[in-house]
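The residues making up each chain are set out below.
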Amino acid sequence: MIGIAVPLAAKLLFLAPVAAILFAFFVVRPLKPEWTHWPILLSCAIVTASSFYLAARVLGLFGIAGGSFDKDVLHWAAAGKWAVDFGLRVDGPGAAVLAMVSLVGSLIHVYAAAYMKGDPGFSRFFLVFHLFFLAMIGLLTANNYVQLYLFWELVGLASYLLVGYWFHKESARRAALQAFMTNRVGDFGFMLALFFILSTFNVAHFNVIYVKLALTQQQGGIPVLLPAIGALLIWAACAKSAQFPLYFWLPDAMEGPTPTSALMHAATMVTAGVFLLVRSWPLISAVPYLPPVVAGIGAFTAIFSAIIASTKKDLKRILAYSTVSHLGIMMMALGLNQVALAIFHLVVHGFFKAVLFLCAGNVGHAIHKPTANVDEVGGWRKAMPWTYACFLIAALSLAGVYPFGGFFSKDAILDAAWENGGLIRWFSLLISFGSAFYIFRMLFLTFHGSRPEQQGLKAHPHEAGAAFVAPVFVIALGAAGIGFAAPYVQELVLAGWRGLPTSVAAVSGVLNLAGSPLIPKLDWHGQFGLSGLMAALGFGLSYYLTMVDASWDWRWRRNHPRLEAVFESDFGWKPFVALLAGAVGAFARFCGRVLDKRWWDGAVEGSAGAAHGASEALAGYSAGRLNDYLWWMAAGAALLLGGALR
Amino acid sequence: MSELTLLWVLPLGGAVACLVAGRFGRAAARTCALIFGAAYFVVSLAALMPFVATRGVGLDAVGGAPLAFGVSYLLAADGLSLSLILLTAFLNLVCVISSWENDVPAGYWANFLALASALTGVFLARDLFLFYMFWEATLIPMFFIIGLWGSANRRHAAVKFFLFTFAGSVFMLLALIALVVAKHGQTGTWTWDLAGLQGAPVGAAGPWIFLGLLLGFGVKIPVVPLHTWLPDAHTEAPAAGSVMLAGVMLKMGLYGLIRIALPLFPVYAQTWAPVLAGLAAVNAVYGALCAMAQTDLKRLVAYSSIAHLGFCLLGILSGAAQGVAGGSLQMINHGITTGALFLMVGFLYERSHKRGLADFGELANTAPWLSFFFGFAMFASIGLPGLNGFVGEFMCLSGISHSPIPMLDVPFFAVAGVLGVTLAAAYMLPAYQAVFWAPKGPESVSEHVFDLTFRERSILWALCGLMLWIGLAPSGWLDLLEPSVRGLVR
Amino acid sequence: MTSAVWAVTGVLFAAGLAMVVLRRQLLAMLLGVELMLAAVNVALVHHAGLFSDAQAMAAVAIVIAIAAAEAVVGLSLILRVLRAGRGVDAGGLSELRG
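Residue numbers (the numbering used here), protein chains in the order written: chain A, -17 to 628; chain B, 1045 to 1534; chain C, 2 to 99.
These are calculated hints, taken from the structure and not from any lab test.
Below, computed lysine-lysine pairings styled on DSS-like, alpha-carbon distance capped at 25 Å:
hint, chain 1, residue 1, chain 2, residue 2
1, A, Lys99, A, Lys351
2, A, Lys556, A, Lys151
3, A, Lys440, A, Lys364
4, A, Lys151, B, Lys1484
5, B, Lys1398, A, Lys579
6, A, Lys151, A, Lys99
Using the sequences and the hints given, assemble the complete structure.
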């Protein structure tokens, strides 16, 4: 792999967005801020074309064997024997996610151009939006942990600025702060893991670490710090990918404009954590007890948030908990050593979740609000046929109905969980049931029927226009058909891992991946019909509770206010976190105001006061009377004289 | 006159020239300050250039016969010295330009140039007596800058600053004298030459001498619990004064450690390292916690300095190549970043005469450039990768987590350091949101805060450009510094 | 002889010292200083003769010169104080008090 020149396409992945952002900031913004999106959309097109070209190269479609490469391009920092170089790595997992991110991300850019039109901060929004996109691309093509961390943090920065975009709103400010701080708590783990990685392997490059680890394993052991590194990386991924116990920031991050949510949930942010674990999988899987931990966290989060998603009224919030749930499914797949499946679900989820969010954006747009509540909508199927169609496709995909995309990825994961047996087998059934229930509940409440409690039809909704619908429709087509790309994704992932020397692959858990049937070929009933059955049950229950017994939701809320409060507080987890944060704040105030200011600085200033008092007391002896001084002088002279004579 | 002598005489001459020019009015004095500040900057840049070519290797020295009591005029400069001098010259120029519109007498400009001169002397001197003279000489102009042109409580702060640092210096002087006496006892000649004092037979007095040096340098850094002068002095000083104070003067302590205390006592540097690193870790976490509790923007930035210098100290003590080099780079980084933050707090104060977090609001709408630059510098200070703060912090903590010194490689120090990095966001972001995002409160003075002028923007572009440059491509800067501190690597 | 000279000069010196320390009038204090200088001079002259030492005689000349200079400076200072309306009492000059 060494010696391969970096192809132009890989350079364009960076050059185009950086150039676009600089040009838009320095030239377009001062002159014509409402044109800021043009250079940025051009850059999106270039990036998308480049990433598909790179993916094709990795697949070997252009007659280049082993189109994946890993090359250093910049000596970042060095001192003595310590050195961190930056480079580009385009391999299977990276290219697969990159292709999805660039395509879906670009379409969301197109949607955003329409959605944000006329907003006073249009130009600022687009600059940060594109920075978000750039950061994710950098994250996917990083060839070492430090570089990955750089873009990981940049993703956090961009999300902070976008969530807090409407900063005049108290809730937006709080959500932005919470998102950044929670991610920062996760980064605590990542940064510590970085130091341990550097001190264990003396290098941060993935390919070198894989080899070094494999060599250690061949000698029958693992580095002492490896369990700590693995656990810390999992912690970091839990923050970024919104897993329990750090998931709570994501639903609140809905405060940003809807395109932000779509980009964040589908493409650029939350998938970063899963991707980090994919990159680190040889490290984590080398510690026998870590994969089950990952699987457990994923499964628990998936069910936990599916339940909460079923109780929410805000459309974007339902989708947010659904994202948390699906990220849990990806983590579960990883924990079951199904790396390729995890990546495949990541890609598929990107498509259908983007559609769902953008549809929610269209629905909100119809009532001129950033987000809509189920009270404000209802029966909009006829008024917004295109949005309805797209939403339906994405919902079917999410619920895992053949032949839509989600069927191929999600059912395969649930199937793997069933094969694995144990508790996780039953979890997988519940997840299947839950996700079908909440998404169809949302679909029915928004688009079907109209209930007396709903104000939707009074609002006279209408379709927002081609610029809003067209990008969503294109992504929806992807969500429908992506399932058939499974062989390509499998091939891509394998191609990337093939870059490793065989000796490494043989021992580092990579072989499990390459040797096992990766993504099972599923026909319409799946390998296992039970998960389909559970999804059908979920669908049926949601139909009954929203269409047959149409007011059930409102009645239940009225009759069970205390239970609703429990759901509203995420089973008490949110108040607990708030308590923790409050305790840290109180401790800080104690340190700053009492300990430092009153006690310690008070003591220091007090010592100055004591010195002053002492000098006041002694001042009587030097009261400025000449004769007194002369007395002292004479006495001193006598003393000296006496001493000299003696 | 040699180049090195010129480096410290030029700003001193500038100070005198400002005073003379002051006779022809305030405009003449400030023009004079600008000319000398620019010339000083150019000369310091020119002095550094040869070291860029050699990637930091080499030594530029002026020697002299002993004058009396073994004191001699010895100056020397390596990559570290010259980088710090360039930082001094750069920030001095920034200060002059940023106070350009302030209607201040000639003495103001003269004090800044005199301060630059004394600081340059500190970074150049290789004779310990000379070092001490320059060290104390820095106090005088800073005392006047705080005491004459500071805000409401300036006199108290100026006296507190002077007494604190002077008390520390006395211990340092005693330690230096003891060292020289010990060397005299061995060789029979008096010398204050730093190189000549290596391996002085200090015997049982050794720990006390080392402690004396640590006290002198520790007050300047400042190491918790010797830090309480810092928030007062920074808060009360005028904007430009805080820039010099945080940007350069705090680095004197670390420079003293790097140049004098640690090389002269390599054994104590190792055996005492766990204690010192513990204090540094306390600095990083405690400084951050205290900063979280502040309601005054300037005090908050001041406490953040305490936290940041904790990282530097951890790196320098680590004895690992990346830690030592990172620690010295972080000295420069902190000067640029915190300098920029203090400058902007100063702009706010000049416009509104308020500094409280609750006194503003919605500035992102009315002063977009200010909020852009403040955000930029703030994220550099938080340690966002890609900007300068991250490079230094990352290398320091990487050094301490992989330290060759016994007891230092336990994860405790790295954990504390990373905790400090995490907390940085917890004090900076709420402050930023309160000032720039939140709605105006009843007491808000936001309407007085007009956006940055072209002059102010130009300075900040320069500072932020440097942050980005060091953040993205630190290797050139590290090359410049690393050979000078290689001696501290175990 | 020597002891007699010592006795005289001692008495003179003690008288001068007493005047300086006990009197509060500035002029009297100045006189006391002059007296002390004169006492020392007497002792010096005597011993110069005793050891035929030229250096001692030189010292005497210097002391006389200093005494004259001191009288000039002291008297003019007292005059300034008087002109400033602060009286001739040392008690009035205590601004140095901390």
